[in-house]
Amino acid sequence: MPNMSLKKNEMPVQDPQVRNHNFNEVALGYTEEQALDEAARCLNCKNKPCVGECPVAIDIPGFIAKIREKDYEGAYQIINRSSSLPAVCGRVCPQETQCESKCVRGIKGEPVAIGRLERFVADWHNAHATEKAQAPESNGHKVAIVGAGPSGLTCAGDLAKMGYQVSVFEALHLAGGVLVYGIPEFRLPKAIVQKEVDTLKELGVKVETNTVIGRTLTIDELFEDGFEAVFIGSGAGLPRFMNIPGENLKGVYSANEFLTRVNLMKAYRDGSSTPIQHAKNVAVVGGGNVAMDAARCAKRLGAENVYIVYRRSEAEMPARAEEVEHAKEEGIIFKVLTNPTEILGDEHKFVSGMKCVEMELGEPDESGRRRPVVKPDSEFLLDVDCVVMSIGTSPNPLIRNTTKGLETNRRGCIVTEEETGLTSREGVYAGGDAVTGAATVILAMGAGKKAAKAIDEYIRSK
Amino acid sequence: MYQIIEKRELNPTVTLMKVKAPLVAKKAEPGQFIILRVDENGERIPLTVADYDREAGLVTIIFQIVGATTEKLNHLQQGEYIHDFVGPLGVPSHVEGLKKVAVIGGGVGCAIAYPIAKKLQKLGAEVHSVVGFRNQDLVILEEEFKAVSDKFVLMSDDGSCGEKGLVTDALKKLIESGEQYDEVIAIGPLVMMKFVCLLTKEYNIKTMVSMNPIMIDGTGMCGGCRLTVGGETKFACVDGPDFDGHLVDFDEAMERASMYKPFERHQHEETCNLFKKEVQA
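Protein chains in written order, with the working numbering: chain A, -2 to 459; chain B, 1184 to 1464.
Keep in mind the hints are simulated off the structure, nothing from the lab.
One or more of the hints may lead you astray.
Pairs of lysine-lysine, BS3-like flavour, derived with a Cα cap of 25 Å [as the list claims (entries may be wrong)]:
(1) A/346 / B/1417
(2) A/346 / B/1444
(3) B/1209 / A/401
(4) B/1209 / A/352
Reference excerpt, derived from the structure (chain A facing chain B, CB under 10 Å, subset only) [what the hints assert, rightly or not]:
(5) 2
(6) 211
(7) 263
Since this is a predicted model, take the numbers as computed values, not measurements.
Glycine included, every Cβ here is placed at the ideal spot set by N, Cα and C.
Taking the hints into account, I'd like the entire structure generated from these sequences.
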C-alpha cells in the first residue's frame, strides 16, 4: 500500500545560522527510514511521466522500487545505467522543473522527492560499495573529450563502458569543470565529484589535466594523434560584465573569479595560498543559481551584509526556488527590481559603494518576461565594499578560433545537430554549455550522453 | 608533474629554470605565457615563456622572487617537480614584418624581452636593445642581449654598471640622434612601460607592451586580468598579453596589481619563516 501523505519527507539541513558560517554541506541527506517512507509514496505508474522529463531518462520508478525492497545497490545500478554522476545529479538537478514536475503525486500534493532519493542511493553506494568499476575490454578505438565538466565526463563514461579508449583533456589542474570551480562545497562536496571522476578512471578513462585545447593542442592535432572522434564540452566560461563605470575597481569580481578563488583554489580555508577579499558588505548582481552561490559564499567568508541585486522581480529569477529559500534563510538580503548604474571607489581605488536605480516591470520582452524599466528619480547608494557580477557567461572563443570549419552562431555557441551533437566538422561532436550557452548540469549530461551514442554509431559505421 | 631539468641563479633574486613540458615547448612562441602551481595547495601564477627547446621538450622560465609562490618555486631544486604547468597561453607577439625595432627591458622583464629580440634578429630586423636595472648585482641576460642586438645599451639607476639613468633616457637619446624605429617593444615594471609609452607617444612611434596582471585560469574564465585598453575592457590572458601601449590605462593596471598586497606580504613572510625553520632544524 503506497504512502498517501501529500507532503514529501523534508530534507534534513544544517541550521541556517550555523551553516552560514561554515562550508559544510547544507542538505544532510535522507536517513534510511526517510528514504523508505518517501519511496513508498511512488505509485509506480505505468506511463512513467517522470522518466520523460529526465534529460538522461533514468528509470525512476524502477530505482525507487528497488529502494522499497531495500536493495540500494540494485537501485544504484539502475540509475548508473543512465547517469554517470548520480551523487552529483541528486544534489544539483532542478528536479522541480524536470522529473518531479510531471509526477502524478504532484497533481494533488507534493511530488515524490525523486532527487532526494537519487542522492540517498548514490550516497549509500559511495559509503558501502567495495567493488571497483571494471574497465570493459577495449575495442581499440580512441575518442578525445575536450573539457572534464558534466557533459564531457558523461560522454567519457558512456563511451568507456562501450569499450572505447577515452582521453579527457582538461585546461585546469583538476577534473570536474563547473562542479569543482563553480558550485560551492556546501552544495556539492568536492570529495563526491572526485569519487565520480575516480570511478571513470577505473573504467579506463584517461584524464589529461593542464591541457588547453586550442592552445596546447588543437582539435586537428587530436585527429593526427589517432583519435577517431572528438567531443567538445568546453562549457561557457567567459564572464560578462555590465559595462558600467567603476567595474575595474578593486573589489569587483566576476562570479567566475569569486567562485573559482573560493571553490577550486580553496581561498576560504586558512592557509590557502590564493587570496580573496573578506568584505564587509557585498553586492552580488544577478538572479541565477550562480548568484545565489556567490552570495552564500560571501556570507560564509564573514560578510555582515550580502545583497542580491536583481533588475526584475523575484518571480522572474532564474535561480531554483530552493536556492533562493536557502539564501534567504541564511540572511542574504534581496534587492529585487534594482539595477546598478555605477560602482564608486575610494582614493585607493577600492570599491566604496554602488549607485543603483529602482526598476518596475513593463511589457514582456523577447524572453517572455516583463521588461524592467527604470523608475524615475529612484537613484540610491548601496553601501558595499565588494561587488560580484553574476550576469551570465558566454562560450570561450579559444576552440572556435583554432578549429577550421567549426560553425558557431552569433552568440559564439557551437552549432550542432539536435539529436546527435554533430558539429559542422566530420567526427567532431559538441554538447553542454558550449552549445547551449549557460544552462544546467543535467542538460549538459544529457547532451554528452546523446553524443556518446552518436559517436559510437559513427565509428562503427566507418 | 613537470620536472626541473636545469636551475640557475641569474642574480640573488632572479632564477632561471628549464622545465620538461614537451607539449608546451612544441607550441610556445615569444610573448606567450604559462601558468604553474608549485604544489598541491599552491596558487596559480602566470610566468612568461623566456625560451623553449622544441626538440628537448624544455620550456625556460625566469622569475623574480617577489612573494610566497616564487619563494617556494625557488626552493625547488634541479630534478624536482613542479605540480602543474600549463600553456602556452595568450597570443604570441606579432613581430613579423618589422624592420627596425627598439626592445626595452626593465629588470626581470628582460627575461620576456629577450626571446622577442632574439626572434626579431632571426627574422632579419635591426634590433636596438635598451635594458635597465637598479644596480650591477641585478643585471641578467647581458651577453644574450648583446648577441642578438645591433645596438645594446645598459642602464642602471645608480650608475654601478652601464650608464646612470633610466631606460627612457637612453631611448630618448637614440630617437633624438635620428634612429627611426618601426616599433618600440617595452617590457618591464608597469611604471617603466607607462613612461616609455609617454615618451614614444611624443614621437608617434607605435609601442607594444606586455601586461602581466593578476590571473587565475589564464584561459578567459575569471576576468581577473582585465584592463582598459582604448576605453574597452580586455582580458590580458586571451586578448593579450601584448597590447598597444598608447591605449593601455596604466594607472588602473597599477591599482589593480596592488589588490592583494597586504595578503601577499603576509604570505611571503610566513613562507620565509617556514624555510628558515627548515634550515635551523
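The hints, checked one at a time:
1. A/346 / B/1417: 19 Å, holds
2. A/346 / B/1444: Given that 25 Å is the threshold and the Cα spacing comes to 14 Å, the pair holds.
3. B/1209 / A/401: 21 Å, holds
4. B/1209 / A/352: At roughly 49 Å apart (the allowed maximum being 25 Å), residue 352 of chain A and residue 1209 of chain B break the hint.
5. 2: The hint is violated - residue 2 of chain A has no Cβ within 10 Å of chain B, the shortest such distance being about 45 Å.
6. 211: Given a least distance of 9 Å, the restraint on residue 211 of chain A holds.
7. 263: Holds - the Cβ of residue 263 of chain A comes within 10 Å of chain B, reaching about 7 Å at its closest.
Violated hints, listed in ascending order, are 4, 5; each of the other numbered hints is respected by the structure.
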